[in-house]
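Whole structure, please, built from the sequences with the hints as guidance.
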Amino acid sequence: MKNRWFAFLAAAGLAFAISAGTAQAAKEVRIGFIAPMTGIFAQIGKDMSNGFKMYLEQNNYKMGPLKVKFILEDSTGKPAVNVRKAIKLIRRDKVHMFIGGLLASTGYALAPVADRNKVPYISPVPAADDLTQRKIPKYFVRVGFTSSQNSHPLADYAYDQGYRKIVTIGADYAFGYETIGGFQRQFEARGGKIIKKIWPKLGTKDFGPYLPQIPKDADAVMTLMVGPMSLAFPKQFRAAGFKNPMLGGVTSADEFILPAMGDEALGYVTAAQYSAALDTPKNKAFVKEYNKRYGKMASYYSETDYTAAQWIHLAYKKIGWDTSNPLKFLKALRSIRIDAVRGPLYIDAYGNVVQNSYIRKVQRVSGDRLGLGVKPDSLWNMVIKTYPAVSQFYKWSPEEFLKQPVYSKKFPGCKYCQ
Amino acid sequence: MGNNNQRRRILIVLGVFVALGIVTPFLDSFMQALVTEILIFGILAMSLDILLGFTGLASLGHGAYFGVASYASAIVMTKADWTWTYGIYTWASSSGLGIFYLFIFGIIVAIAFSAFFGFLAIRATGVYFLMITLSLAMVIWGLAYRWSAVTEGDNGINVPGRPSLLGISLDNDITFFYFALAVFLICLGILYVVVQSPFGRTLVGIREREERMEMLGYNVWLHKYLAFIIAGTFGGVAGVMWTLFNLFVSPPDVELITSAEALFMVALGGPATLIGPVIGSAIIRTLQQFISIYVERWPLILGAIYIMTIMLSRLYGVDGILGFASKLRSSTAAASNSQD
Amino acid sequence: MISLSLSNVIELSFNSLSYAALLFLLASGLSLIFGVMRIVNLAHAAIFLFAGYIALEFYNIIDGTTSIMPRLMQLIAWGIVYFAWTGLSRISTEARACISLLLAYVVLEILSTLLFGVRLYEYLFPTIAVKSVQKINFFMLSAAIAAAVVMVALGGMFIERFFLRRFGQDTLAQVLVTIGFAFILQDGSLYTWGGDNFIFEKPWPLNASTVIGGISFPQYRAFMIIVAVVVAIVLFFGIERTRLGAIMRATVDDPEMARGVGINTNIVSMSIFAIGALLAAIGGVVGGAFFGVYPGVDFEILPYAFAVVFIGGLGSFAGAVVGSIVVGFMENFGTALFPELSYFALVAPMAIILAVKPTGLFGKG
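Protein chains in written order, with the numbering used here: chain H, 1 to 418; chain C, 419 to 758; chain V, 759 to 1123.
Calculated from the structure, these hints are not laboratory results.
Any given hint could be a false lead.
Said to hold, decoys possible - Calculated lysine to aspartate or glutamate pairs in the EDC-like style (CA-CA distance at most 16 Å, straight line): (1) 889/V / 377/H; (2) 201/H / 1098/V; (3) 94/H / 446/C; (4) 409/H / 1098/V; (5) 893/V / 264/H; (6) 69/H / 28/H; (7) 69/H / 57/H; (8) 893/V / 263/H.
Here it is in structure tokens:
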């Protein structure tokens, strides 16, 4: 009798163990993450992966019943390496999706890899416009922003400030063209004039060749700097005696570079979908926690990746934690509305996020006024105006917007250049 | 005896590659891609070996020919408004010959550049040769970065897909691996013939005693120049293969690092052996793929390995891995001889 | 093409000169090392980057932002390694000493981790938190810079003594070793200091600009020019008038002869490499305050340094001066006038000069 019970228990236990084992094996979601961990963009890569990992850690690497396997790959910031690492993630690790990339060019390079291998690519950072406009890949969703998305409202803001003649200076690559192009289009649609467009090459250290070309009587300059350029430009600009107000794209004065900046950055007005100084309980909690974990100010890179992880979690929840069908997952991802750290978000019919656009001004905040538990007397991107629910097409209808070519060095042309 | 030995070596090498051809389809698809990559960089390293190992000219700009051919083939496949390249390419593709056109075009571009650059560089020797090849490679790098009307600058060029080979699709990893293996073996064969020919022996003679060869009436300049062009040509083959493999070309592919890596492959595997550089390619490529998975600071490790390789090979007179193997063999042979 | 007004030309020329000054600091060391030792030092720009970081760290140590302990512990740890190595290599070959030391390290690392929970590598390779310097104190800055420059020069001596010297005239091996060091220094700085972008705030007289005739001249750019001129003068007289200079010139002209008359070429080489590193370090600190200190700046600026020495001629002092001025002007005017072809405006003259005279404008040989 005793023996039979024992046998029954053992059999039940074994069956349970087997079923649990197989369930466990089936219920794993493998997420590949590609970010630069070495080379010039290493610190940005760290911000990106930290943001994503923070969400996973807060949830003990679990999304509902799914166990998350997070695989980080170093892209070294080079597009070709991104492609190779994506292939590695897909083939060797059999990931369910891959996330990451930094420069707009990596976005353009990675999207075809996703389509060829039928593995979803989720892009929190690469902002190349056309990926959600004219050349939409099937296996691609963007949870970040398009390059020109924040530029349109910034142009409105600039016009409302009374600026009429503006000089643009933007990094000479896709992200620069699109950010500056969006600004120019809306600014000139309102009646302003872009009187000069200057394109310093990516990674410019000495702005000496470009500064003399800036007319001193411009009402403002609109910049788009990335990486170390963001740090060098305001310093050299102010040192050369320019007093003009500075406007900028997302990366011109983001929190990634802000702690290294000095008084020269005061008054810098930039537009972005996020600011670490955002005065909401959700954001305060996020910034505090991020600072506690990594000893740094949260940047838009960390926020957008944190939100990406949250988004994936919610999408799997919606489809009942089914990891077998990538297209179903992508559909779910596109259909949910989430209340993220940076505000309410949803994805439009073209695969890009509709979100608030914040106009931010660099200010020195004395004391720990924001209650964020961060070092007092530092620079913050204080939000001075919010444009709610900005889509990548801004005030145009998608059809009307898509009739024009993608913003480039040549489009829009410089009608008012002297 | 020497002939026998040589035949045995050829058989061993062929055996290894036949084994590779048999085993690779059973590996996982990541390893298949890695093996393909090793073969492609093996071609690059072998071509550099002609210059470095056999002729004794250390070029620090071999990435240039790899790069121009790589860009040329990508441009052929994508620039739809260029009738001379794209028109012919699509016409050839329709009959399954597109891939030959790609190779012919890429190789011609590589030959043109190496003929011009070689003309500038061959006059110099030693460290000056090193410097000139480096600076010429910088020119290519600059063009890739800044001539965005043609090269798309920082964005790089995305290639939509591989053309078929006489109707056989190369999109499948395994077929592409066999294609790469075939191209590799053809290159190996041609280079082997070159090295074994009187021309190749003259190159070695030039490496050993240049003045003497000159006195014997050899046109040293012409021999060096031809070696330079041959190296550039096969570097170009590797470049076209790289475009077909990665379906993406961008300026970092032409950087100094590419040239330097090729040099390390030759030094690590064993110069003047042809097959040594391929082993070097296998080791360095595998390390790059695997260290970065386990160690976050992998360039640190890679740098240390590079330095150690050079220290070992130069200070202890071991010419790469193959050199080490033959040294080992000769010392055991010597030991057994002394026992007799 | 953009038409330039007179004031534009003046401003551009000033900017060109200041950029040339920075390039001179970098390229003169490169050229010097080549001239005397025939070594193409591809790690030169990495040294430039390293110096910026070290100066920043010393400033942070002086003003109390970061602790000096990790560095001291590191020095002690490496001191122990060094003595163990010399001791071992005295009783055996150097190679065996290295291998046994490595094995001993692995065993010790495992033991200390298991027994005491102490990770030895954290002492050998510490990570150090640094911050950008905002309110700068001139004297503290000078002290930090001096310390950094000395440290970097010592580091250069180390690389020369233990690695480069062993290869004698084997230029290829030397080049490859310097590439290895470029990797290690770049990634090592990422490991030690993290990858954040840092910058020095410039102390008072250097952060303003002077306006003359409606054109503003940033004083920091003037300062860069002054530093370069001072360095150039010191170098020139050092080479032409001092004993070391004479020995050096003799070594350049005929190393065999120099050794024959009893010159210790080893010491010459070591000091030359140290001076080269020192020049790069000055450049690194000056440049660090201008465009920041961040990993990757080394590989970005290396091509420019090479363009300077290719155009001017490797190993020539006059060549370094002329070359950096040519590159400085080409870069600034080329970029302003033909933005599409800016890089080409730099490399095309270089290729032409090399085609006509492979040793550069002033190069010998």
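Structure versus earlier hints - violations, ascending order: none
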